[in-house]
Structure formats: C-alpha cells, structure tokens
Amino acid sequence: MKSGRRLSSKSRTYLGMLIPVVILFFAFNTLPLIIGAFYSFTNYRGYGSWDFVGLRNYFDLFTDSRVWNSYLFTFKYAIVGTILVNVISLLMGLALNSKIRFKSTLRGIYFVPNILGGLIVGYIFSFIFTYIIPAVGETFNIEWIQNSILADERFAWIGVLIVGVWQAVAMNTIIYISGLQTIPEDVYEASRIDGAGKFLTFRKITLPLLMPFISINLVLSTKNMLMVFDQIMSLTKGGPAQSTESISYLIYRNGMDGGQFGFQSANAVIFFILIVTISVIQMRMTGKKEEQL
Amino acid sequence: MRRLKRKQGTNWFLTFVLILGCLTVLFPLYMTVIIAFKNPSEMTNDVAGALAPPSNWSFDNFAEAMKVTNFWSALANSLFISGITIVLSVLIHSIAGYVIGRNMRRKKGYKLVYFYIVSGMFVPFAILMMPLVKETAQIGLANPIGVILLYLVFYMPMNVMLYSGYLKNIPLAMEEAAEIDGASTWKTYWTVIFPMMKPMHATVAVLTALGTWNDVMTPLVIMSGSENTTLPLAQLNFQTQFGTNYNLAFASYLLSLIPILIFYVVCQKQIIGGVANGAVKG
Numbered sequence: 310m311k312s313g314r315r316l317s318s319k320s321r322t323y324l325g326m327l328i329p330v331v332i333l334f335f336a337f338n339t340l341p342l343i344i345g346a347f348y349s350f351t352n353y354r355g356y357g358s359w360d361f362v363g364l365r366n367y368f369d370l371f372t373d374s375r376v377w378n379s380y381l382f383t384f385k386y387a388i389v390g391t392i393l394v395n396v397i398s399l400l401m402g403l404a405l406n407s408k409i410r411f412k413s414t415l416r417g418i419y420f421v422p423n424i425l426g427g428l429i430v431g432y433i434f435s436f437i438f439t440y441i442i443p444a445v446g447e448t449f450n451i452e453w454i455q456n457s458i459l460a461d462e463r464f465a466w467i468g469v470l471i472v473g474v475w476q477a478v479a480m481n482t483i484i485y486i487s488g489l490q491t492i493p494e495d496v497y498e499a500s501r502i503d504g505a506g507k508f509l510t511f512r513k514i515t516l517p518l519l520m521p522f523i524s525i526n527l528v529l530s531t532k533n534m535l536m537v538f539d540q541i542m543s544l545t546k547g548g549p550a551q552s553t554e555s556i557s558y559l560i561y562r563n564g565m566d567g568g569q570f571g572f573q574s575a576n577a578v579i580f581f582i583l584i585v586t587i588s589v590i591q592m593r594m595t596g597k598k599e600e601q602l
Numbered sequence: 148m149r150r151l152k153r154k155q156g157t158n159w160f161l162t163f164v165l166i167l168g169c170l171t172v173l174f175p176l177y178m179t180v181i182i183a184f185k186n187p188s189e190m191t192n193d194v195a196g197a198l199a200p201p202s203n204w205s206f207d208n209f210a211e212a213m214k215v216t217n218f219w220s221a222l223a224n225s226l227f228i229s230g231i232t233i234v235l236s237v238l239i240h241s242i243a244g245y246v247i248g249r250n251m252r253r254k255k256g257y258k259l260v261y262f263y264i265v266s267g268m269f270v271p272f273a274i275l276m277m278p279l280v281k282e283t284a285q286i287g288l289a290n291p292i293g294v295i296l297l298y299l300v301f302y303m304p305m306n307v308m309l310y311s312g313y314l315k316n317i318p319l320a321m322e323e324a325a326e327i328d329g330a331s332t333w334k335t336y337w338t339v340i341f342p343m344m345k346p347m348h349a350t351v352a353v354l355t356a357l358g359t360w361n362d363v364m365t366p367l368v369i370m371s372g373s374e375n376t377t378l379p380l381a382q383l384n385f386q387t388q389f390g391t392n393y394n395l396a397f398a399s400y401l402l403s404l405i406p407i408l409i410f411y412v413v414c415q416k417q418i419i420g421g422v423a424n425g426a427v428k429g
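In the order they appear, the protein sequences are chains G and P. Its first residue numbered 310, the first sequence is counted upward by one per residue in this note's numbering. Its first residue numbered 148, the second sequence is counted upward by one per residue in this note's numbering.
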C-alpha cells in the first residue's frame with residue numbers, strides 16, 4: 310500500500326513535468342501542422358473569406374510550372390549537394406584525422422563556415438561571384454567567367470550550390486572526424502599486419518565502421534539541403550527567371566505575400582511527406598548496411 | 148606496436164595541402180575585412196580595387212553601419228533570443244528527456260511521447276510557417292518571446308533525443324539512493340540528475356546557440372510586424388535599402404559576424420566537442 314502510493318506520487322511528478330512540455334510541443338508544432346493541412350483543402354488567400362475546394366490545390370500543384378521548377382531545382386541542388394558534401398567532408402575528415410601538423414588549428418579553421426550565418430555568407434559570396442570572379446576573368450582574359458554566374462539562368466544554381474556546400478562541409482567533416490576517432494587503432498594495425506593496402510583498409514575497415522556516421526550525415530545534409538532558404542534569399546532571390554527558386558522559398562514568397570495560403574499549404578504538405586519518405590528510406594538503406602557487419 | 152606507429156611520421160605534404168586549403172575559408176573573410184575598412188572611392192573595377200588593403204584603416208563605415216542597421220538594438224535582441232532559448236532549452240528539454248528516457252523502456256505511453264516529439268525533427272518549417280504566423284499574431288506573440296517559444300519547440304526533438312540517450316550513462320542507483328534518503332522526485336532531479344548531465348548540457352547549448360543565432364526565417368516571418376530585428380534580420384533589411392554601398396554593407400556584415408566569431412574563438416573546444424558529441428550520441 311505504502312509503496313504503491315509512493316510510486317503513484319512519483320509518476321504524478323513525472324507527468325507534471327512532461328505534460329506542459331507536450332502541450333507546448335503540440336501547440337506550436339502539431340497544431341500548425343494540422344491547420345496547414347486543413348487550409349490545403351481551401352482556397353484561402355491568407356486573408357478574407359475562403360471555401361473548401363477539396364483536392365483541387367493538389368491537382369493544381371501538378372500542373373503549375375513554377376512549382377515543378379522549384380521541385381526540380383531543389384532536388385537537383387539537394388542530390389548534387391549531398392553527394393559533394395559527403396565526398397568532400399569524408400576526404401577532409403580522413404585528412405584532418407591523419408598524421409598532420411597543426412591538427413587542432415586546421416580543424417578549427419575548417420569549422421568556421423559552419424558558425425557563420427547562411428544569409429551573410431550568401432551576401433559575401435554574392436560579391437565574389439558578381440565582382441571578384443568576373444574581374445579576375447577580365448584581368449586574365451578568361452571569357453567564360455567574365456559574367457556573374459548568378460546572372461546566368463543555366464548556371465546560377467551552381468553558385469548557390471557552391472555556397473551551400475562550403476557551409477555544409479564544415480559540419481559534416483566534424484561528424485566524420487568524430488566517427489573516425491571511434492575506430493580503434495588496433496583494427497588498422499591488424500589489417501596492416503594482414504598486408505592490406507591503404508585502399509583495401511579504407512574499403513573493408515574504415516567505410517563499414519563509419520556507416521552509422523555516413524548515415525547521420527546523409528540524412529542531415531539531404532534534409533538541410535532540401536530546406537535551402539537563407540542562401541537563396543541572399544544570393545539570387547529565386548532568380549534569374551525563377552531558376553533557383555527553392556520549395557521553401559516559393560512557399561514563403563507566394564504563401565506569405567502572394568495570396569496563395571491554401572495552395573502553398575498543399576505544396577508544403579507534399580514537401581513534408583517527401584522529406585519524411587526520403588529520410589525513412591535513407592535510414593532504412595544505411596541501416597541495412599550497418600547490420601551486414 | 149609503438150614502433151609501427153612511429154614509422155609513419157608527420158605527413159608534411161598533406162599538412163601543406165590542408166594549409167593551402169584554408170584559403171577557401173579565409174579568403175571570403177579576408178575580403179570582408181578589407182572591403183569593410185575601405186572608402187567607396189578606393190573600390191576600382193579590377194581585382195586589386197577590391198582586394199588590396201585600404202590606404203588608411205578607417206572605422207567610419209562601422210560607425211555608419213551601426214547607425215543605419217540599429218546595430219545595438221539588433222544585437223540586444225539576438226542575445227536576448229538566443230540566450231533565453233539556450234537557458235530554457237537546457238532546463239526544459241533536459242526534464243523532458245529525463246522523464247521520457249527513464250520511463251520509455253517500461254511504459255508504452257512514454258515511448259509513444261518520445262516518438263511523437265522526435266518525429267518533429269522531420270517537419271519542415273515551410274509547412275508550419277504560415278499557420279504559425281497567424282497563431283502567434285492572434286495570441287500576441289509576434290515578438291521575440293514568440294520566437295523563443297518557437298525555438299523551444301523546434302529544438303525539442305533533437306534535444307530530447309540527446310538527453311534521453313545520454314541518460315543511459317547515468318545509473319538508476321543514483322536516484323534510488325537519493326529517494327531512500329527521502330528526497331522527492333523533483334528534488335532528486337535537480338540535485339542528482341541535472342548536474343550529472345553536464346556534458347550533454349554543453350552539447351545542447353552549443354547546437355541550440357548555433358541554430359538560433361544564425362536563423363533568419365523564424366524571426367523574419369514571426370516578427371515582421373514589429374520594430375524588433377535580430378542581427379541577421381537587420382542585414383536583410385539593410386540589403387533591401389542600402390545594398391549598393393558595398394563598403395557599408397561589408398562593415399555591417401562584419402559587425403554581425405564578430406559576436407559569433409568571438410564566441411567561437413573563446414569556446415572553440417566546447418563548440419567542436421559539442422557538435423561531435425551530438426552526432427555520436429544521436
């Protein structure tokens with residue numbers, strides 16, 4: 310009896326601690342999610358009256374060329390970006406974890422891009438793309454860099470990509486370094502004694518043991534790159550000719566100011582479902598590889 | 148074994164390549180500093196015009212940029228928002244992580260709550276943005292307080308996951324001993340558990356700080372109606388008004404980068420350690 314009462318007072322304390330937090334989370338995460346999903350079935354403009362339109366917004370999404378463009382750009386950006394970021398940061402991680410001098414200083418410097426805000430980094434690179442690189446092109450008579458990459462409809466996305474990768478590599482490198490540090494030295498020792506070369510050791514030892522970190526990095530960088538916003542805001546504002554309009558940016562632009570609250574809500578719902586699906590698939594795939602060890 | 152290790156000495160070639168590679172990081176920063184100190188008349192149209200050091204290092208641009216962007220007010224807002232968010236995250240998310248982490252293996256309900264909160268990690272801000280703007284405006288939270296509340300919610304999934312994961316390292320016996328001594332669950336938490344989670348507090352503080360300090364989108368949409376700005380927001384407003392005076396602009400960028408750079412130089416170990424720790428434990 311006595312112990313029963315004590316237990317219940319304990320769980321009452323637990324509930325008292327947890328319930329306010331859950332309410333807060335519900336109020337500012339789940340509730341707006343539900344509201345957003347609700348408005349996706351209406352023609353709400355963000356103000357004034359509205360009607361239910363059923364699934365019309367969702368059908369319209371598929372025929373809206375601006376929406377298609379934003380998905381094409383965002384996925385092109387995220388796929389190329391994720392691959393580049395992970396290849397570069399894995400190489401950086403290996404390099405910064407090997408027998409080099411000034412190790413901690415170098416690690417410190419290479420992490421700097423991560424602490425700087427995407428918006429300001431975008432402004433700084435915007436100047437580099439618009440003035441410095443064309444000026445270099447003029448001085449050395451290199452024609453193809455004499456115009457700003459950001460002004461070219463075909464290549465502006467590469468400019469955005471360079472900035473996005475520059476920042477993301479910093480974070481992922483640190484994660485790869487901490488992953489490499491979990492691999493004990495004697496595993497390498499053993500493989501060296503067995504006569505395995507550097508590449509074989511990397512493929513058979515480093516890569517499999519690093520799988521959990523590759524998994525984290527893939528999920529993280531894909532998600533972050535799909536949600537690209539700051540760099541677009543400061544580098545191109547979606548231009549030229551909407552060639553670099555990301556999904557987040559389009560939802561912000563047209564949903565907030567463009568009177569497309571309902572329509573962009575439908576867009577956001579699709580975007581949300583895609584992000585969840587992609588993350589789950591990625592975790593499943595890399596999770597399976599981990600098990601094979 | 149020792150000898151084997153020693154055989155391969157310092158890889159000087161790689162060291163050299165890595166030092167050279169630092170230029171990719173340092174060049175944009177160098178350029179920012181140089182242009183920030185220059186006079187517009189020194190900005191000729193060639194490479195040297197932008198990259199050569201200024202003829203005299205003048206702080207005029209900074210004074211002007213501070214005035215135009217209302218720097219001190221933006222800095223105060225940024226410090227307020229990030230500071231309160233960090234403190235409340237450590238206090239509130241650690242409690243949530245503790246309660247969930249201690250109960251989720253025995254009780255289904257807590258496990259459900261765990262997955263409910265952690266799944267929030269995959270909800271993009273884009274879908275919450277429009278409803279949140281309405282919601283916060285309706286209840287009078289279209290201001291820094293509202294932004295703080297939202298951050299507490301946005302960082303909850305990651306932080307709860309980190310805290311409840313870290314709890315595995317703290318043996319149950321610690322609490323049981325305190326409880327036998329007659330301490331309440333609440334008191335046990337603050338006197339025994341909270342201090343023991345210190346390494347995780349550092350990680351959570353660092354990750355939350357980096358995320359909130361540089362965030363543009365949340366304050367942009369939530370506080371757009373108010374007079375308040377944050378440092379990134381001030382740059383955004385500045386850009387739309389005075390974007391063509393590059394010297395002024397770069398002085399302003401540099402000003403907004405300085406606080407976080409100072410923080411980084413002072414706490415570099417904790418920051419890198421915190422990020423790495425978050426990845427390993429997560």
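Calculated from the structure, these hints are not laboratory results. Some hints could be false.
[Stated by the list, open to error] Computed cross-link-like contacts, DMTMM-like style, restricted to lysine to aspartate or glutamate with a CA-CA straight-line distance of at most 25 Å:
no.	chain 1	residue 1	chain 2	residue 2
1	G	Lys546	P	Glu323
2	G	Lys319	P	Glu323
3	G	Lys513	G	Glu498
4	P	Lys281	G	Asp360
Just so we're clear, the structure is a prediction, and the values are computed from it rather than from any experiment.
Hints, verified against the model:
1. G:Lys546 - P:Glu323: Judged against 25 Å, a Cα distance of about 57 Å means the pair is violated.
2. G:Lys319 - P:Glu323: Holds, at about 12 Å.
3. G:Lys513 - G:Glu498: Since the Cα atoms of lysine 513 of chain G and glutamate 498 of chain G sit roughly 13 Å apart, the hinted pair holds (cutoff 25 Å).
4. P:Lys281 - G:Asp360: Holds: lysine 281 of chain P and aspartate 360 of chain G sit about 18 Å apart, inside 25 Å.
When the structure is compared with the earlier hints, a violation turns up for hint 1 alone.
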